[in-house]
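Novice: Sequence:
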Amino acid sequence: MRSLALALAVLASLPALAEDKAEIKVNVKKGLKFTRTSTAKAEGKCSLGGGGGGISLNVDITMNASLKSAEEVLDAKSGAPVHVRRWYQERRMELNLSMFGGEQTQTHPLEGADITLGPGDKRGPTAAGSKLDEDLLKKEPFGDPLTAAIASGKVVSVGNTWDADKDKTKEWLQTEFPGFDASEAEMQCKLGEIRDKDGVKCARVEIDLTAKGKIAAQGAPSSDVTITLKGDVFWALDAGIVVNVKADGKIKGDLDVKTMNNGEESKMKIDLTLEWRTSVKTGEADFTGAKPVDKPKPVKPEYYPPPVR
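So that you can map any letter, position 190 of the sequence shown is 234 in our numbering, and since no number is skipped, the others follow by simple counting.
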């Protein structure tokens, strides 16, 4: 008996076996409230070399995309939201090209708008009389595109990999990075572990993303770019949504510019480091101050770098 008691005591002192399986499944329920804060910060240089006169130029550049929203799921079916209320407190991209003294804020037309999506095909402001672009509202997703993108749809074990939905991945990038128009996107997911994150039981999913598309500032020509990201996405197993993203990567591409040398065209190389952070707090959604908007907020004057001499 003494030996048995000793063995039980030893077993009780051992740490519990770590969970190694989870179903990464969208499980949104009616009444879910949450606030989302997301930032994508990029900084680095644009460089111009060569040209007829042997021009060499380096320009510091910073690009910051930010999104803040409050959301309430008014109805859900089969784990997916079908009727939601959403308020974008902030949805914009700020661009600064130091050499030219150009600082620009590109504000999304829905910034400040208090909108409803559903039921059915209904989409619009929460109050009558406001004017919002119908085509713009049709592009608004009912739920979080990243949540839909990385859902495995089956039980996976730690170490298992799967591919994210390509269309939902593009939708996620375009929602949280105003100014980026994704033409293609591939993201591989891997279940890293099951653990708590800020007191919430989560699956830590490792992501590896490559996306191609165009970035355009207001009034400026678009730049062909490739975005790469690697990092962690935390999936709340009970709420069935993504609650945290911490990823880092690069933005690389080309911008067509004209020099003063007979209007000769040249390529300005873009090479930026990218830091992507998202935090979702469930259980609260403060709509205080929310109101429909009649028109998009004004943006700063259009800006485009002058020809390089």
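Any given hint might turn out to be false.
What the hints assert, rightly or not - Taking lysine-lysine and the DSS-like style, the derived pairs with C-alpha atoms no more than 30 Å apart in a straight line are:
{"hint": "1", "residue 1": "183", "residue 2": "65"}
{"hint": "2", "residue 1": "234", "residue 2": "210"}
{"hint": "3", "residue 1": "234", "residue 2": "121"}
{"hint": "4", "residue 1": "258", "residue 2": "274"}
To be verified - Restraint ranges, calculated between C-beta atoms of paired labels, are given here:
{"hint": "5", "residue 1": "162", "residue 2": "69", "range": "33 to 41 Å"}
{"hint": "6", "residue 1": "121", "residue 2": "168", "range": "32 to 40 Å"}
{"hint": "7", "residue 1": "254", "residue 2": "89", "range": "31 to 39 Å"}
{"hint": "8", "residue 1": "243", "residue 2": "69", "range": "19 to 27 Å"}
{"hint": "9", "residue 1": "123", "residue 2": "242", "range": "17 to 25 Å"}
{"hint": "10", "residue 1": "313", "residue 2": "203", "range": "20 to 28 Å"}
{"hint": "11", "residue 1": "201", "residue 2": "331", "range": "25 to 33 Å"}
No lab work stands behind these hints, which were simulated from the structure alone.
Using N, Cα and C, we set each Cβ at its ideal position, and we do this for glycine too.
Novice: Next step is simple, just say for each hint if it's right about the structure.
Specialist: Verification of the supplied hints:
1. Among the hinted pairs, residue 183 with residue 65 is inconsistent with the structure: their alpha-carbon atoms are about 35 Å apart, more than 30 Å.
2. Taking the CA atoms of residue 234 and residue 210, the gap is about 16 Å. The hint holds against a cut of 30 Å.
3. Between residue 234 and residue 121, the direct Cα distance comes to roughly 27 Å. Compliance with the 30 Å bound is thereby established for this hinted pair.
4. A C-alpha spacing of about 20 Å is found between residue 258 and residue 274, which places the hinted pair at or below 30 Å, so the restraint holds.
5. Taken as a hint, the range 33 to 41 Å is violated for the pair residue 162 and residue 69, whose Cβ atoms sit roughly 21 Å apart.
6. A hinted range of 32 to 40 Å is violated for the C-beta pair residue 121 and residue 168, which are about 21 Å apart.
7. A hinted range of 31 to 39 Å for the beta carbons of residue 254 and residue 89 is inconsistent with their spacing of about 22 Å.
8. For residue 243 and residue 69, the Cβ-Cβ distance of about 21 Å falls inside the hinted range of 19 to 27 Å, so the restraint holds.
9. About 23 Å separates the C-beta atoms of residue 123 and residue 242, a value consistent with the hinted range of 17 to 25 Å.
10. Distance hint for residue 313 and residue 203: a CB-CB separation of about 38 Å, inconsistent with the stated range 20 to 28 Å.
11. Range check, residue 201 to residue 331: about 40 Å between beta-carbon atoms, so the 25 to 33 Å window is missed.
Against the hints set out earlier in the document, violations occur for numbers 1, 5, 6, 7, 10, 11.
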